[in-house]
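Chemist: Next come the chains, spelled out residue by residue.
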Amino acid sequence: MIGRMVHDVPRHVLWLLGVLLAGLLVAPIFADDYLLTVLILILYFAYTGQAWNVLMGFAGQLSLGHALYVGLGAYAAAALYVHYGIGPWIGMPVAILISVASGAIIGFLAFRFGVAGVYFAILTIAFCEFARIGFDHFGWIGGSGGLFMPVSNHTQNDLLNLRGQPVMFYYVMLALTVIVFVLCHLLLRSRVGYFWQAIREDEEAARSLGIATFRYKMAAIVVSSAMTAPAGVFYAFYYNNLFPEQTFFILRSIEIILGPIIGGIGTLFGPVLGAFVITGLSEGLQELLTLYGFDTPGAKRLFYGVCLLLVVMVLPNGIWPPLARLLRLHRSRDTTGPQS
Amino acid sequence: MTALLEVSNISKSFTGLRAVADVSFSVPQRSLFAVIGPNGAGKTTLFNLIAGVLKPDGGSITFGGARIDGLRSDQVCRRGIGRTFQLVRPFPALTVEENVMIGALLRHPDPSEALRRAHDVLWRLDLFDKRMQLAGALTLPDRKRLEVARALATEPKLLLLDEVMAGLRPTETDRMVEILKKLNRDGGLTILLIEHVMRAVMSLATHVLVLHHGAAIAEGAPEAVVRDPEVIRSYLGTEAV
Chain A
1 MIGRMVHDVP RHVLWLLGVL LAGLLVAPIF ADDYLLTVLI LILYFAYTGQ
51 AWNVLMGFAG QLSLGHALYV GLGAYAAAAL YVHYGIGPWI GMPVAILISV
101 ASGAIIGFLA FRFGVAGVYF AILTIAFCEF ARIGFDHFGW IGGSGGLFMP
151 VSNHTQNDLL NLRGQPVMFY YVMLALTVIV FVLCHLLLRS RVGYFWQAIR
201 EDEEAARSLG IATFRYKMAA IVVSSAMTAP AGVFYAFYYN NLFPEQTFFI
251 LRSIEIILGP IIGGIGTLFG PVLGAFVITG LSEGLQELLT LYGFDTPGAK
301 RLFYGVCLLL VVMVLPNGIW PPLARLLRLH RSRDTTGPQS
Chain B
1 MTALLEVSNI SKSFTGLRAV ADVSFSVPQR SLFAVIGPNG AGKTTLFNLI
51 AGVLKPDGGS ITFGGARIDG LRSDQVCRRG IGRTFQLVRP FPALTVEENV
101 MIGALLRHPD PSEALRRAHD VLWRLDLFDK RMQLAGALTL PDRKRLEVAR
151 ALATEPKLLL LDEVMAGLRP TETDRMVEIL KKLNRDGGLT ILLIEHVMRA
201 VMSLATHVLV LHHGAAIAEG APEAVVRDPE VIRSYLGTEA V
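Line by line, the protein sequences are chains A and B.
Going letter by letter, the first sequence gives residues 1 to 340 in this note's numbering.
Going letter by letter, the second sequence gives residues 1 to 241 in this note's numbering.
Among these hints, one or two may not hold up.
[Unchecked claim] Computed spacing ranges between beta-carbons, pair by pair:
id: 1; chain 1: A; residue 1: 297; chain 2: B; residue 2: 75; range: 33 to 43 Å
id: 2; chain 1: B; residue 1: 13; chain 2: A; residue 2: 317; range: 19 to 29 Å
id: 3; chain 1: A; residue 1: 179; chain 2: B; residue 2: 24; range: 41 to 51 Å
id: 4; chain 1: B; residue 1: 110; chain 2: A; residue 2: 323; range: 40 to 50 Å
id: 5; chain 1: B; residue 1: 199; chain 2: A; residue 2: 250; range: 54 to 64 Å
id: 6; chain 1: A; residue 1: 204; chain 2: B; residue 2: 167; range: 17 to 27 Å
id: 7; chain 1: A; residue 1: 16; chain 2: B; residue 2: 140; range: 44 to 54 Å
id: 8; chain 1: A; residue 1: 122; chain 2: B; residue 2: 57; range: 29 to 39 Å
id: 9; chain 1: B; residue 1: 175; chain 2: A; residue 2: 285; range: 20 to 30 Å
For the record, the hints were derived by calculation from the structure and aren't laboratory data.
C-beta atoms are modelled at their ideal positions from N, C-alpha and C, and glycine is treated no differently.
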């Protein structure tokens, strides 16, 4: 398992990963509460971006409604906890199951009936909107009034019930991010990963090579929605309150995809790097503005817009691919061949 | 010789236009079978009917004794028919090696085994040295050979080639002809090709079928077909004789 994981990964990449991981492991010692919340946010977006990247970056299917899977995961785990006292780790499989079911329905409708490209994206937005409106009128989980987790001042960390200090949430999110990173690495180098990339590049050519494209696109949306749901569980237990208007808001979906777009769609490091850049910088900017006494609530979104614009114009493949070339982190891939 | 592919009375219309009308032929095992004809004769439609991209309106297609008409193209490929596209369709952002490896993954689910198979195919197609290049950065002749390599990697019994010589210079055409001949001779591969380049057809094909306005007007050995008055009138032109 380990052997296969590190197989064909250059040694200095492993070193870099090790240093990065070590840095993240010791970060809470040096970080104050504010910096810790920023780091949690960065990891959260690295995680969700990675999960979204499976569907878009690997298999080429653009989802603009990934807030749906976060929201369903969040509500499922929170409702089980609030109503039945069932802890998040048992709630998580349920959350994943519900998320996967909705992803499978969307996938089936889209891929079975040839809804592709922009229309697929619109379909994903539509389903997220259905959920937003539906949950507004769903009394059992609080409707538009919101669902609240029982909160008390925790001096002890209760990992089993995810109740405790920010530092505990930080390590949970770090663990999730590492797991999903390793999983994506394995997927990308597996048969299904290559088939996804073939579908992304040219679906008809993929079919001509014997790839049952419907089945593999279904697999992509199932894996992606399953991966996204745990982020929702985390979200519910970290923020302690859920409102349909916020949880399923389209901006939540957009925030998820900013990291991978800026970092590099379809790459492993892109979502991670993108999350660091966009969340780190935007929080820094916010902090700076507050420090100098500017009250600018829209500054973050404006910053997102500027970042997106810059990347699309200057580095359409994201920041990671040129950086990787600079650091010679890729397997020797020669792109200097003659252009025709 | 037994027939590997049997096409019987196949027809396909597009809103009133009969693209392929009642065409029948059989491709013998281990043959090099060429389909020629003027533009719009229905060659590519015929090709797409066999490859599973289009469903025929009538008639049947039998491959290795089993009906394949109406199957999807991925199912047709799994039965053992590989194809190339007239306008090449490599996976541009992937390397040459990965392109071919994806084809090999069909029969060899383990990626490292698929990679080994891909390397074998790349050797045979003179592409091994370029295996790390991105497919999108290749020249046209290389991309044409990559198409053949990728299809070959699926280990087909029958290879469908849609104008692989088009746009190649004469020396490159000869190189491709040599490769295909070798695949046929050494690998026992049956090849069905659509071709405009008569130089390639004459040196390569063992059988020729001529389509005109969707109908088969002649079939047989290449030397006999090019002397057929009907073929000369409708396709080759009198100056070709």
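Chemist: It remains to establish, for every hint, whether it holds in the given structure.
Modeler: Here is what the structure says about each hint:
1. The hinted window of 33 to 43 Å between residue 297 of chain A and residue 75 of chain B is violated, with their beta carbons roughly 56 Å apart.
2. Range check, residue 13 of chain B to residue 317 of chain A: Cβ separation about 44 Å, and the 19 to 29 Å hint is violated.
3. At roughly 59 Å, the beta carbons of residue 179 of chain A and residue 24 of chain B sit outside the given window of 41 to 51 Å.
4. At about 32 Å, the CB distance of residue 110 of chain B to residue 323 of chain A disagrees with the hint of 40 to 50 Å.
5. For the pair residue 199 of chain B and residue 250 of chain A, the beta carbons lie near 59 Å from each other, so the given range of 54 to 64 Å is met.
6. In this structure the supplied range 17 to 27 Å holds for residue 204 of chain A paired with residue 167 of chain B, their Cβ-Cβ distance being about 20 Å.
7. About 39 Å separates the C-beta atoms of residue 16 of chain A and residue 140 of chain B, a value inconsistent with the hinted range of 44 to 54 Å.
8. A hinted range of 29 to 39 Å for the beta carbons of residue 122 of chain A and residue 57 of chain B is consistent with their spacing of about 34 Å.
9. Checked against the hint of 20 to 30 Å, the C-beta distance between residue 175 of chain B and residue 285 of chain A comes to roughly 59 Å, which is inconsistent with it.
Checked against the numbered hints given earlier, this structure breaks hints 1, 2, 3, 4, 7, 9; the rest are met.
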